[in-house]
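**Student:** Residue-level listing of the chains:
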Amino acid sequence: MARDEPVPWQGEEGPYGPLGLPLVDLLDRVLGAGVVISGDLVIAIAEVPLIRLSLHALLASVSDRVPAPWADGGRL
Amino acid sequence: MTARVDLDAESVGRDLAALVLTIVELLRQLMERQAVRRVEAGELTEEQVERVGTTLMLLEDRMGQLRAQFGLAPEDLNLDLGPLGSLLPRD
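Residue numbers (this note's numbering), protein chains in the order written: chain A, 510 to 585; chain B, 572 to 662.
Don't take every hint at face value.
[Stated by the list, open to error] Some chain A residues close to chain B (C-beta under 8 Å, calculated; not the full set):
(1) Ala-542
(2) Val-545
(3) Ile-546
[As the list claims (entries may be wrong)] Only some residues are given here: those of chain B computed to face chain A with a beta carbon under 10 Å:
(4) Ser-582
(5) Arg-585
(6) Leu-587
(7) Ala-589
(8) Val-591
(9) Leu-592
(10) Arg-604
(11) Thr-616
(12) Pro-645
(13) Glu-646
(14) Pro-660
Note that these hints are calculated values from the structure, not bench results. Note that CB positions come from ideal geometry on N, CA and C, so glycine has one too.
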């Protein structure tokens, strides 16, 4: 897989030069390291709270260190 | 000018398909990278590696067929996130 070499942040297009790394690679590395997302989200319209989402999610690749809860893929 | 309306109807379907296929493509590439990671870690048996590889290959072919069906080029599935670069590799 051709690795894009990282583009320096101080690119010629001003301070916001593109990262030079596709987001999917970033996501892959984050998953490789493992991440826990925890927090509360309330979706409201005109100051009226309508939907509440309370998250405590572990997002990680399966490995010996972080085993999958069941052996096969199981039901999706 | 019904012809024009038809065109919009098609393009609307196409754009929706592009959105759905972008998400599917993102997941496919993510799974592909994760599979490579697992194979490199050497935790999978020979047979698992074989089946995962074949499945990913079939999935890639199917994605190509789906894109062709909606007349979408690979770049159509890539999102430009401005300063963040792109969602998928541009190679």
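**Student:** Work down the list of hints and note, for each, if the structure agrees.
**Tutor:** Hints, one by one, checked against the model:
| no. | hint | verdict |
| --- | --- | --- |
| 1 | Ala-542 | 11 Å, violated |
| 2 | Val-545 | 18 Å, violated |
| 3 | Ile-546 | 16 Å, violated |
| 4 | Ser-582 | 26 Å, violated |
| 5 | Arg-585 | 23 Å, violated |
| 6 | Leu-587 | 22 Å, violated |
| 7 | Ala-589 | 17 Å, violated |
| 8 | Val-591 | 17 Å, violated |
| 9 | Leu-592 | 14 Å, violated |
| 10 | Arg-604 | 4 Å, holds |
| 11 | Thr-616 | 13 Å, violated |
| 12 | Pro-645 | 13 Å, violated |
| 13 | Glu-646 | 13 Å, violated |
| 14 | Pro-660 | 4 Å, holds |
Taken one by one, the earlier hints fail for this structure at numbers 1, 2, 3, 4, 5, 6, 7, 8, 9, 11, 12, 13, listed in ascending order.
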